Amino acid sequence: MSALDVRIVKRLPGFTLDVAWTAGDGVAVLFGPSGAGKTLTLQCLAGLLRPDEGRIVVDGRLLFEAGRRARGPVVDLPPQARRVGYVFQGYALFPHLTVAENVGFGLRDQPATRRAEKTAEVLERLGLAAHATRLPRDLSGGQRQRVALGRALAIDPALLLLDEPLSALDAPLRRALRDELRAILSDWRTAAVLVTHDFTEAYRLGDRIVVYDAGRVVQAAPRSELLWQPASESVARIMGIRNVLHGSVVKATPDRIQIRWRGQLLEAVNSPSHSYLPAPESPIAFFIRSEYVRLIRKDRGAADPAHHMNLMEGAVVGEEDFGTTWSLRIRLDAPGAPAQGEHDLEVEVPHLVYEILEIDRDRRWQFSIHRGSIHVLPA
Amino acid sequence: MSAETVSALVLSLRVAVFATVVNALVGVPLAYLLARRRFAGRAVLDLLVTLPLVLPPTVTGYYLIVLLGRRGWLGAPLYAATGWTIAFTWYAAVVAATVMALPLLVRTARAAIESVDRDLEKAAYTLGRSEWRTALEVTLPLARNGILAGLVLAFARALGEFGATLMLAGNIPGKTATVPLAIYTAVQTGEQSTVLVLVAILTALSCVVLVAASRLGARAT
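These protein sequence lines are chains A and V, in that order.
One point on numbering: in the working numbering, the residue at position 32 of the first sequence is 32, and numbering is uninterrupted.
Basically the working numbering = 1-based index in the second sequence + 1000.
Treat the hints as calculated values from the structure; they're not laboratory data.
Heads up, a few of these hints could be off.
[Unchecked claim] Computed spacing ranges between beta-carbons, pair by pair:
| no. | chain 1 | residue 1 | chain 2 | residue 2 | range |
| --- | --- | --- | --- | --- | --- |
| 1 | V | Ala-1043 | A | Ala-337 | 55 to 61 Å |
| 2 | A | Asp-170 | V | Arg-1014 | 55 to 61 Å |
| 3 | A | Arg-71 | V | Glu-1114 | 38 to 44 Å |
| 4 | A | Asp-170 | V | Ala-1043 | 57 to 63 Å |
| 5 | A | Pro-73 | V | Arg-1038 | 54 to 60 Å |
| 6 | A | Arg-71 | V | Leu-1045 | 52 to 58 Å |
| 7 | A | Asp-170 | V | Asp-1117 | 19 to 25 Å |
| 8 | A | Ala-379 | V | Glu-1114 | 49 to 55 Å |
| 9 | A | Phe-322 | V | Arg-1144 | 45 to 51 Å |
| 10 | V | Asp-1117 | A | Arg-71 | 48 to 54 Å |
| 11 | V | Arg-1144 | A | Ala-81 | 57 to 63 Å |
| 12 | V | Glu-1131 | A | Asp-52 | 19 to 25 Å |
Keep in mind it's a predicted model, so treat the numbers as computed, not measured.
Where is the CB? At the ideal position from N, CA and C, for every residue including glycine.
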């Protein structure tokens, strides 16, 4: 049985949240654009917002049930009774209380000695013992994150909720704290639901990723499956995948799919989990990861079609420097309008490669794409 | 200073202190309700509390007579039962000052409560605190400076109340004649020195109050 079983319908003016998903132990990430209903879901899980109907079960404990499909009378535990820890966006630390008072805030029902012990234990475990008597405003961003986590974890929650936990931080700190957060979550082993709109964050922190769009779940999958097999074109776009393209099917077998696109005949590996057999001539969407397009070196002799699959030729028509990589915009030597406005493909190359190949001077290139790097998207 | 001047000062302070205490007990919960709860009649309650701020004080005083006078809606049953009426007692001065000062406290305290981040309250709920405990431990402490500023303003307003007090409590020397009323009487009877002393004292007090309120207000933000 899943640790977390969620079905929520909540109607608001101009927006309806209607989602259902499950998650096991570990970290489930709700990922999607702003306004997709991710934070609303967290508030429903915590009992801060009442769904119109649905069912919420955490570790076999029924927290909420109401609506037509309910099996019994309405259940709606108040937030005080749910044992759900909530790390708010911006942390929401009590500014008038010290670090220790913040962390011990949820332990009021316990005897004073037990409360002090538990607080000390949490502070110690999170490396905050030296800051116990300081106020939140005197802490760094990273320390604040740990206090917020400590405060939520001190109550030994059945479920931990984290709303955009890294969004309040500067970019360099973000990355360091992402890894720290990952370590704390795996150390504590509490089932957690984390909300983010950043795919890197979702991938780094989540065991399972639930993709939200406009109040609905468009895909829920283990993170590696999501990375390589987005369920649809819209999921690929939400994930920020570049080179989402449209062609037509030439031939499909359970292993391979041949696609005609921009005058090229591309060969792709069929999806291993849901083998996909569209009829010839039907339209098909696919994507090519920009970091998986190979540039053919000119100093190594002519390209060999036997070794270089899906060989094509074109010119660099634009480029952008991302600091450690260059993103090249390629226009293929093919008649007709380019696939993506002024260009057909976006290709990412490391700075070192860019310099060795002197791409700033040499604009015409041959490319090849391994068939395993062309991913078909179910319609 | 004459005995009457001293008694006016003592009375004024006593009335203002009582009115401020009643304001704290009634106004702070009222401000919390208006800031945080949605309930039937909320708009009407808001209007009733705020009205004395814009109505001429004599009109507010008239309504108080209608409500609390010997033949008033509440005053008549009270008189019938006990033979006592609040009109023309120093309690009436307290009631008038309280009603006139209430909107100042409620508006200031409400703004301070509304500025407290709701996520802090939600965090307290998830950590097991009831709404009542959360208000006492999180919301009100964080709104403290705004509430204190409101109480200081309410005290000042109570100290200076004239119109509504005159209507409900009258102008009885030594009994209901507070400093503003005593100043009026002194001007009418041409007691120049009494006027000067009382005016100077009220001006000085008002200055102190304004400085205190603005300091508290500055710390609140």
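Tell me, which hint numbers fail for this structure? As far as the earlier hints go, 4, 5, 6, 10 and 11 are violated by this structure, in ascending order.
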